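Enquirer: Now for the letters of each chain:
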Amino acid sequence: MAERTAFNFRHDKNAFEMSFAFMFSIIVGAIILFSALYITTKFIVPQRHISQSEAAKSLSALIDPLETGSGISSEATIIKVTAETRIYSRCYRPGEDIFGRQGISLAMQSGIGEKWQEPGEETAMNNKYIFSNSTLQGKNFYILVKQFNMPFKVADLIFLYDEKYCFVNAPRWIKDDIENSGNINISSYIGECETGSISVCFNSYACDINVFDASNDNSFSSGRVMKEGIYSDYSGNLLYAAIFSDSEIYECNLARLMARLEKLSYLYLEKSRIIEPKCSSGLNEELAEMANNAMALKQEGTPSSSGSFGSIISLSEEIDEKDSICRIF
Amino acid sequence: MKKTAYAGYFKMGKKSNIIIWKKSQLKIQQTAFMLMAIFIFFVLAGIFFISVSMQGTRQEVTRLEREKAIATAASIVDSAEFTCGTGSLCLDADKLLLLSADAGMQDFGELWHVAAIKVRKVSPLSEQESAEDIECTKMNYPDCNIFSVYSNEDVSKAGAVSSFAALCRKENNGNYAYDKCGIGQINIAYRLAE
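Protein sequence lines, in the order shown, are assigned to chains A and B. In terms of the working numbering, the first sequence has 870 at position 319, counting the first letter as 1, and numbering is strictly consecutive. In terms of the working numbering, the second sequence has 448 at position 191, counting the first letter as 1, and numbering is strictly consecutive.
Watch out, some of these pointers could steer you wrong.
What the hints assert, rightly or not - With a straight-line Cα cutoff of 16 Å, these simulated EDC-like cross-link-like pairs (lysine to aspartate or glutamate) come out: (1) Lys-829/A with Glu-428/B; (2) Lys-829/A with Asp-436/B; (3) Lys-395/B with Glu-827/A.
Stated by the list, open to error - Label-pair ranges, simulated between beta-carbon atoms: (4) Trp-724/A with Gly-313/B: 47 to 57 Å; (5) Leu-283/B with Glu-673/A: 40 to 50 Å; (6) Gln-287/B with Leu-588/A: 37 to 47 Å; (7) Arg-320/B with Ile-590/A: 22 to 32 Å; (8) Val-379/B with Ile-781/A: 49 to 59 Å; (9) Gln-850/A with Val-318/B: 17 to 27 Å; (10) His-600/A with Phe-298/B: 23 to 33 Å; (11) Lys-414/B with Trp-724/A: 43 to 53 Å; (12) Gly-313/B with Ile-578/A: 55 to 65 Å; (13) Ser-770/A with Thr-314/B: 48 to 58 Å; (14) Arg-320/B with Ser-586/A: 33 to 43 Å; (15) Arg-878/A with Ser-419/B: 53 to 63 Å; (16) Asn-754/A with Thr-314/B: 48 to 58 Å.
Claimed, not checked - So, partial list: chain B residues that the calculated Cβ filter (under 8 Å) puts toward chain A: (17) Thr-288; (18) Ile-295; (19) Thr-314; (20) Glu-324; (21) Ala-331; (22) Gly-342; (23) Asp-351; (24) Asp-359; (25) Asn-429.
Everything labelled a hint here was simulated from the structure, so no lab data went into it. Predicted model only: the values in this text are computed from it and were never measured. Just so it is clear, CB atoms sit at the ideal spot from N, CA and C, and this is done for glycine as well.
Chain A extracted, bound-state conformation:
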């Protein structure tokens, strides 16, 4: 067989000739194609970030009208999403922001790239108090709204949850309150609870979450909630807050509520002063004391019935009784 040289290779009829232009276009074409793919993949990530941030903003716009008095019933609002979604909730104590703030961000499951990516931009809300676990996941989310009064309305408490709850041996007012709430069952004994649901017992240690009464009339209007080994003191509708949220979010939101209570007490104190010529409420001292107690509890951080929290509750009852003359609230 004759030796193949560059010269005879060129004249070989069976040889496949690849011109330089052909090779050049293949190489550069491949580079362009790969860079296009790379840029596209890089572009999808911020696009996902943008759409997740938009979704968080939309969620906050959905939560915004949930203000009691605007025809909001005690029935739960259900938020349904098409894709499996994670809601991350963060609470910022009063400090830089006078009333603190609540941050919500979302991450949606996707078939492109990583299943779960970093959540989108956080949407901040200064006037909303969302009590939930720090991370929720699912396609259906439930919202309950209740008022927080001391004795005047301070804010609306929003309870956001994704799991099934089972209330065992709940008192009458709680049964009536949550009768039509989504994903909450009421039963007489723990055996009736659905498997996989979170059980909430009243005056018993048998459940995942246990509520203990501290009121004088056995009504559970105030008391303690034990969740994951941590006790949280509550009063009124804060009972649901302690049940549905992490202890960290509970304490942080309570500090935020106290910041608002403090400012509202001053607002009512000023109102009481300007309407004095028309009607004397006689509440100036109590309102000033309420503002001071709220400020103290905001700084204490942990609500305790023996501390400022207890004083606020008794002061609230006192103000409620005295406000029958002018009705400044």
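Since chain A is already given, all that's left is putting chain B on it; use the hints.
Expert: Just chain B, lined up with the frame of chain A:
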């Protein structure tokens, strides 16, 4: 001419080989220009797509801000700072005065993420109030019709939505105190994306 590995081979051949070399050189240039053109086309198409999607994002931001303003207008009447407490859809004019005219109450502005909140008394209006807007202060209250509750000075371009509610204040008829009510209009301004 630049020396390449093929240079020797082409030199070895006849004059026609030099013509082939020049033709290939021309082809390479053509291909290079073509690829450059394709590359520039994709870059321009990319820039166009990004600018269109950015425009979409801007519109989305404005839409969300407007949605938030509508939601705020609907719910603010029942918030603790505005409600007169006697029922739904009732604004407390005494509190509005303090929120707009009392320096110590300016902190409340932090609660609402909107560009501005203004409440206008619509009815009943005095002759003077009908002729011109009178901003409420502690000196002229209740003979005024505008409560400027909150204004974000950083917002240069804004849209607005409004809603109506009862506007009540405490009065005394000599024997007892009562709530004297009229009609108020809540105006919420929201930021427009620039």
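Enquirer: Hey, does the Asp-351/B contact hint survive, CB to chain A under 8 Å?
Expert: Check passed: Cβ of Asp-351/B comes within 5 Å of chain A, closer than 8 Å.
Enquirer: Do Lys-414/B and Trp-724/A keep their Cβ atoms within the hinted range of 43 to 53 Å?
Expert: For Trp-724/A against Lys-414/B, whose Cβ atoms are near 50 Å apart, the range 43 to 53 Å holds.
Enquirer: Taking the closest Cβ pair, is Ile-295/B under 8 Å from chain A?
Expert: holds, 7 Å
Enquirer: Starting from the range 48 to 58 Å, see whether the pair Ser-770/A and Thr-314/B falls in it by beta-carbon distance.
Expert: holds, 52 Å
Enquirer: Would the hint on Asp-359/B stand, with a C-beta cut-off of 8 Å toward chain A?
Expert: holds, 6 Å
Enquirer: Please test the hint of 53 to 63 Å on the beta carbon pair from Arg-878/A and Ser-419/B.
Expert: At roughly 28 Å between Cβ atoms, Ser-419/B and Arg-878/A fall outside 53 to 63 Å, so the hint is violated.
Enquirer: Hint check: is the beta carbon of Asn-429/B less than 8 Å from a beta carbon of chain A?
Expert: Since chain A brings a Cβ to about 4 Å from Asn-429/B, closer than 8 Å, the hint holds.
Enquirer: Minimum Cβ distance from Thr-314/B to chain A below 8 Å?
Expert: holds, 6 Å
Enquirer: Given a hinted range of 33 to 43 Å, is it respected by the beta-carbon distance of Arg-320/B and Ser-586/A?
Expert: The hint (33 to 43 Å, Cβ to Cβ) holds, given that Arg-320/B and Ser-586/A are roughly 34 Å apart.
Enquirer: Is the straight-line distance between the alpha-carbon of Lys-829/A and that of Glu-428/B 16 Å or less?
Expert: Holds. Lys-829/A to Glu-428/B sits at ~6 Å (cutoff 16 Å).
Enquirer: With respect to the beta-carbon atoms only, verify the hint that His-600/A and Phe-298/B lie 23 to 33 Å apart.
Expert: holds, 28 Å
Enquirer: Given a hinted range of 22 to 32 Å, is it respected by the beta-carbon distance of Arg-320/B and Ile-590/A?
Expert: Because 28 Å falls inside the window, the suggested range holds.
When held up to the earlier numbered hints, the structure conflicts with 5, 6, 9, 12, 15 and fits the remainder.
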